[in-house]
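Enquirer: Protein chains in written order, with the working numbering: chain A, 1 to 951; chain B, 952 to 1137.
Hints may contain errors.
Claimed, not checked - Residues of chain B clear of chain A, computed beta-carbon distances all greater than 10 angstroms:
hint, residue
1, Val987
2, Arg1005
3, Ser1093
4, Ile1100
Stated by the list, open to error - Under 8 angstroms between C-beta atoms, here's a sample of chain A residues computed to sit facing chain B:
hint, residue
5, Ile558
6, Leu559
7, Met643
8, Ile681
9, Thr686
10, Glu733
11, Val736
12, Val748
To be verified - Calculated Cβ distances over 12 angstroms to all of chain B for the following chain A residues:
hint, residue
13, Ala153
14, Pro195
15, Ala760
16, Val812
Don't read these hints as lab results, they were simulated from the structure.
Glycine included, C-beta positions come from ideal geometry on N, C-alpha and C.
So the chains spell out like this:
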Amino acid sequence: MLLLFAVHCAAAAVAPLLVRGLGRNAFLPLALVPAAAAVWALPPWLDGAAPRAESHAWIPGLHLELALRADPLAWMMVLIVGGVGALIVAYCARYFEAAERGLGGFAGQLLAFAAAMLGLVLADDLILLYVFWELTTVFSYLLIGFDSARAAARRAATQAIIVTTFGGLAMLVGLIMLGRAAGTYRLSEILARPPGGTAVGVALALILIGALSKSALVPFGLWLPAAMAAPTPVSAYLHAAAMVKAGVYLVARFAPAFAGAAVWRPVVLVLGALTMVLAGWRALREHDLKLLLAYGTVSQLGFMVVLVGAGTRDAALAGVTVLLAHALFKAALFMVVGIIDHATGTRDLRRLSGLGRAAPVLCGTSIVAAASMAGVPATLGFAGKEAAYEAFIGGRPVLLGVLVLGSAFTAAYSLRFLWGAFARKHGADELSAYRIEALLLAPPVVLALAGVALGLLAAPLDAPLSREAAAYPADGHGGYHLSAWHGFGEALLLTAVSLLVGAGLFFAGRVVVRLQRRIVFVEPADVYAGLMRSLNHLALQVTGAVQRGSLPGYLVVILLTAAGLTGSAILLGRPWPTPAPWRLWDGPAQAMVAVLTVAAAVAAARAHGRAQTVVLAGASGYGVATLFVLQGAPDLALTQLLMETASLVVFVLVLRRLPVGFPRTRPKSRYRLHVAIGLLIGLLATGATLLAAQARRAVPIAAGFPGAAEKAGGSNIVATVLVDIRAWDTLGESSVIALAALGVTSMVFARRRASVPPRAADAASGTAVWAVAGMTSVDAAFRGEPSPRGRDWLAAGPTLAAERRSIVFEVVARLTFHTVLLFSLYLLFTAHSAPGGGFVGGIVAGLALVVRYLAGGPFELAEAAPVDVGRLLGVGLIITAGTAFCGPLWGSAILESGGWDPHVPLLGHVHLATSLLFDAGVYLIVIGLMLDVLSALGAEVDRQAGTEEAG
Amino acid sequence: MSGTVVLAAAGGALVAAGVALVLERSLSRLVVGMLVLGNGVNLLILTGGGPAGRAPILHGVPPGADRRPMNDPVPQAMILTAIVIALGTAAFALAIAYRSGRLGDSDDDDVRDDIEDRRVTRGRHELRTQVRARRREFREWSREQRGQIRGARRELRAGIRAERERRAVDDPGDLDDGDDESGSDR
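So here's chain B without its partners, still in its complex pose:
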C-alpha cells in the first residue's frame, strides 16, 4: 500500500505553517497554530489509510454507484476523535488568552517568560558574582589575619621568654603555661 503524495505533502505543509505559528509569542496565534498543525497531522493520518475510496458506509448507497474499494475506516475513527478534541482545547486556550489579556497590564495576549524561571537564571548570575566577590574579600581578609596572628604570636613568645627569664632570676621553680583544655588534666 502506498500513500498519496499530494495528501502527504499538503499535510506536511500544514504542519510547517502550524509550527511556524506555534512558535510565536501571541497566544491567539499559538491557538491558530495548534489547529492548523492538528489539521495537517489529520491529513497525514488519513494518508496512512491508503488511496481514496468509497465511504465506509454499508447501506444507503445505491449499489453500483461507486465501485472503488472502501477507504480504511480505522484512521477515520482516530481523526474524528482528534477533531472534536481540538475544538475543546482551542476553546480552553482562548479562554486562557482572554483571561491573561484581562489580568496583564497591557492589552495583548502574549505568552510571557516565566517569572520564576527568569529569577532563577538571574539568581544564578548574581550568585556567581557574589561568590566571586566574597571569595576575593575572604582571601584578603585571611591574608591580613594571618599576618596579624603571626605578629601577635611573635610578640607573645617574646613576652613569655622575657617573663621566664625574669622568673628564673626570681624563683627557679617550674612554670605551668596553663592549658585551658580540660581534656585530661588529672
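In isolation and in its complexed conformation, chain A is listed as follows:
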C-alpha cells in the first residue's frame, strides 16, 4: 500500500518534467499510475480477501503512524479513484491544447490529488485521515484555480477552499474528541468498539459537518457549482467521481458503528433528502450543461448520503451500488460536456442544436450514461435505485416518497441534458458533422459502457458489494441481493413512477419553468457573497471597536488586565504566609536611600521640563545603585552607576534637539487616572513580591554556586554566572545590544553612513563646530590657521568654535582618556575575582569616548576612535558566538569554558579562559553601542543641525 502511495507521489513529482519533455502526451504514461492502483485493488475486491493492514512509524513522539488498512469499501474506492482517474488522465492528453500554459504543474497536481485520495480511503488513523482530507482540499483549490488569470476561477477556488476547510477544521476537532473518548486514534479499533456519551455525540456532529461540506450537501453545497470554473477533467474527477465522494465515504465508514447515535440519523437523513430534492429541482432550470450536471451531482450525493447513512444493511448495499454507478456515469457525462465545449465553444443548451446528428457516437454514449443516471432498467443505476426503494419500502414512507420525487427530478434533468446537448432547436444554428479524436472519445465510452455492463452483471456484482455492507446490522427483511431484473414488484413500480413523473416534468417544461420562477430558492453564490461581506463587516466592526490607535489607551488596557489577573489570583489563591516575621529594613541607611530614590522618581513623574525629568530620573537611578551596594551587590551597583551616566549622556544628546518643555499641558483628570493606575500597579507589584518571597522555603539554587564558581575558576560569582551558567542569555543579550546600536544608526543616518567618520585633518579650514550665533570670538582672526603640531591638547580642538573651547576640559580629557581605557581593560580582565566584566568595561570605555567627544566635538570623536563601528560590532559578535561554539570542538558542550591561569605582574592572578574571550566580545559590542550612539546622536545630529542652519 505504502509503495502504491509512493509511486503516486513520485509520479506527481516527475509529471512536470514529463510534460516538458513529451508535451500533452505525457498524460498517457502518467495514466498508468492510477491504473496500477485499480489493478491492485480489483482482485481482492472481487475475491473477498481478508482486510489488510500495515503501519509504519511516522512521528513516534506524538504516537502518529502511517497506519493503512484496506477492506472491501476501501478497495472499491481505490478502484474508483484509480480506474476513473486513469481514464480521466488519459482524456487530458487530448483535452488540452498542445501549447496550454501551466500544463506541467497541472499534471503534477492531478497526480498528487490521486495520491492524497488514495491515502484518504486507505488511512486507518484519524489524524492521518485528516491530513489526507485536507490535502485533497488543497489540491482541489489548486486545480479549480488552474486558469488563474480569470477572476472567476480564483473566486471559485477560494470559495471551495474556505467552505471545505471550515468543514475540515470542524472535523478535526470532532476526530480529536472521538479519539480521546475512544482512547485510540486507530480507526478500525474505534469502529470495532465504538465509544458512547455526549462527547461522542458532539464529535460525530462535528465530523458530519466535515463530511457534508466535502460532499456539498445543504447547507454547504454552495461551493460545488462554483467549482465548475475548473477545467472539465478536474470537474469529472474531483467534483464527480472522487473528492466529493470522500464525504460519502466517511459517512459510510462511520455509519455501521455510529448510526445509532442520537445525532446521526436526523442530520444525515434530513439533510441528504433535502439536498437530493433541492439540487434536482435546481438542475431543471440550468442552461449551462456543466452546471446542470453539477447540481445533478449534488442531488445524487444527497441520495448516497441518505443510503449509506441510514445504517441498515440493505440501504448501505444500495448506497455503495449508487456510489459506483454514479462515478461511472457522471464522469462520462462530464467528459462528454468537455468534448462538446471543446468542439463548439459553448455549453449553453440554448445555443447547441443538431449535435446528435453531427456526432452520433457521442450522442449514443450520453444516452447510455444518462439512462444509468435516470435509473432505466438494465443499467447499474437501475440496480442501485431498485435496491434503495426495496430498502425503505415498509419502513419509512415519507423518506421513500422524497427519494422517489428526487429520482423523478433526476430522470427529468437527464432528459433535459440529452435534449439540451443533442436535439435540434428552433432559432439556433445547426452544427455540421465533425470528427472527434478517438482518444478523447474513448474514456467516456468506456465508462458509459461499463455502467451498462455492470448493470447486466448485477448479480455477480452482488457478492463484493454485499461484503462492503456486511458491517451494517441487518434489519427486518435484510438479505437483499442485487440483480439486473427482480421481476415485477413494488420497487419496479416506484421506478416506473419516478421515470414517468420525470418524463412528465420534462415535457411539461414550460409549467416547470414558470413554477421555478415563482419559487426562487436562494442563489448559493449570493449566500456565499453575503457571508463574505458580513465577515468583512464584522472584521471592520471588531477592529474599529478594539483597535483605537492610541498607545496610552492600549497600555491602560494591558496594565489593567495584568493588574486584574494578578489581583484576582492573589485574592482567590490566598497565598497568605503563616505568620512569619516581616523584616522591615536592613538598616536605617537603606530606608533613607530608599526614601530619596522614591522621592526623585516621583518628582521626575511630576516634572514639567524635559531636562528636569531626565535629571531627576537619573538621580533616582543613582539611588537604586546605592541600594544595590547596601544589599551586597557591588557588580550591580557598578553597572547601574555607569549605565545611569551613559543614559544621561544619551538623553542630553537627544534633548538638545527637542523643545525644552513638554508641548501640551496634560489634562488634570487624565493625569490623575495615570497616577491611580500607577499606584495600583505599584501596590500589586510590592504585594506580589513580598508574598512570593515568603513562599521561598526550599534551599536556594545559589547554595551550590560558590563551589561551582570555584570549579570554573572564578571567585566573583555573579560575573562567573554571567559568562558561564547564563552564557546563552549573555550571548542573546549582546546580540540585542548590537541590534539596538544598528537601530540607532539607521534611525539617525537617513542615508548610508561613511564607514570611517571624517577625521580632523579632513575638516574644511574655517570649520567651527557648535558655534553660537551672534557671539564673536576673540580668536576669530586666528581661526583657519593651522596650529603648529603638538600645540593643542586635543587633535580636533581647533575645529571647535572658539567660544565652545575649554582648555581645562581639553587637558582633563587628554590626561584621563588613556587611564580610563586602561581601567576598562582592568575591569574586563579581573572580572573573575572582583566586580567588573565585559559590560562594565565596555561602558567605562564608552564614557572615555564621551569625554573626548564633549571636549573636542565630532572630529575629536573620529580621532579617538577611527574605526568602522559596524565592523567593531561584527567582530564582537563573531568573538562571542565563536567562543560559544568552541566548546564542541574540545569535546564539551556549547559555551562550556576551558582555560589556563597564568600569574601576570600587575594584574596578578589572571584567569585566561574561553569565558574571558567571550567577555571580550561583549566588551567590544558595548563599546560599539556607545560609539554608535555618539556618532549617530552626537556627530551626525551635529552635522544635520549644521546643514539646517546653513540652509
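Starting from the known structure of chain A, arrange chain B on it as the hints suggest.
Expert: Same frame as chain A, but now just chain B:
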C-alpha cells in the same frame, strides 16, 4: 525567607512612578518611564534574593570583615543583564524620538494615534451611516417599484384580456402567450 519591606516598597513606588510616566504621550517621558519602571522591577527582583548580605565574591575580601551570609547571586545575575539591555533599549527609543521629531510637522516627540487605526474606526462609523441611508433609499425605491409594477401588470392584463376578446371575435383559434424561456419547448 522573607523579603525586606522597605526594598519592596521602594520598588513598588518606582514602578508606580514609571507607569504614570509611561502612560504619557511624550516619547521622551515614555523612555524615562521605562527606565524608572525597569529600576523598580530590578529592586523587586533583588527583594526576592533575601536580606542584605555579603557581596558574592569569594576571595579578595579580608576574612572576618563581613560575617553576614552571602547575598543570593542568582537575582543579581538576572538584574545585571536587565540593566545593560535597558541602556540599549533607551538609546534606540531616543533615536526614534529624534527621528519622529524631525519627520513630524511639529517639533515635539508625541506618540500620535495610529492613522490607519483611526481610519478604520472612522470608516466603521461612515459605513454604518452609509448602510442606513442606503437601506432607507432602497426601501423607498422598492416600494415605488412595487407600485409601478403592480400598475403595469394590471394594465398588461387588461390589454391581454381586451386582445383576447377581440381575437375571439375575429378567430376562435388558440393563442400562445409565447414564453421566452427556452427551458423545454420541444
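Enquirer: State for each hint whether it applies.
Expert: How the hints compare with the structure:
1. The claim that B:Val987 lies off the interface is violated: its Cβ sits roughly 5 angstroms from the closest Cβ of chain A, which falls inside the 10 angstroms cut-off.
2. Residue placement check: B:Arg1005 does not keep its beta carbon more than 10 angstroms from all beta carbons of chain A (closest about 6 angstroms).
3. For B:Ser1093, the shortest C-beta to C-beta distance to chain A comes to about 16 angstroms, beyond the 10 angstroms cut-off, and the non-interface label holds.
4. Under the 10 angstroms C-beta cut-off, the non-interface status given to B:Ile1100 relative to chain A holds; the minimum distance is some 14 angstroms.
5. The closest approach between the C-beta of A:Ile558 and any C-beta of chain B is roughly 10 angstroms, which is over the 8 angstroms cut-off, so the hint fails.
6. The beta carbon of A:Leu559 comes within 6 angstroms of a beta carbon in chain B, closer than 8 angstroms, and the hint placing it at the interface holds.
7. Contact between A:Met643 and chain B, as hinted, is supported at the beta carbon level, the nearest pair being about 5 angstroms apart and thus within 8 angstroms.
8. For A:Ile681, the interface hint holds, since its Cβ comes within 8 angstroms of a Cβ in chain B; the closest pair sits about 5 angstroms apart.
9. Annotation: interface hint on A:Thr686 holds; nearest CB of chain B at approximately 3 angstroms, less than 8 angstroms.
10. Interface hint at A:Glu733: satisfied, since its Cβ lies 5 angstroms from the closest Cβ of chain B, which is below the 8 angstroms cut-off.
11. Contact between A:Val736 and chain B, as hinted, is supported at the beta carbon level, the nearest pair being about 6 angstroms apart and thus within 8 angstroms.
12. Using the Cβ-Cβ criterion of 8 angstroms, the hint placing A:Val748 at the interface with chain B is satisfied: the shortest such distance is roughly 6 angstroms.
13. A cut-off of 12 angstroms between C-beta atoms confirms that A:Ala153 is not in contact with chain B; the least separation is 28 angstroms.
14. Consistency note on A:Pro195: stated as away from chain B, and its beta-carbon is indeed over 12 angstroms from all of that chain's, at 47 angstroms minimum.
15. Remark: the non-interface label on A:Ala760 is consistent with the geometry, its nearest Cβ contact in chain B lying 26 angstroms away (cut-off 12 angstroms).
16. Every CB of chain B lies more than 12 angstroms from the CB of A:Val812, the least distance being 25 angstroms, so the non-interface label holds.
Comparing the model with each numbered hint stated earlier shows that hints 1, 2 and 5 do not hold.
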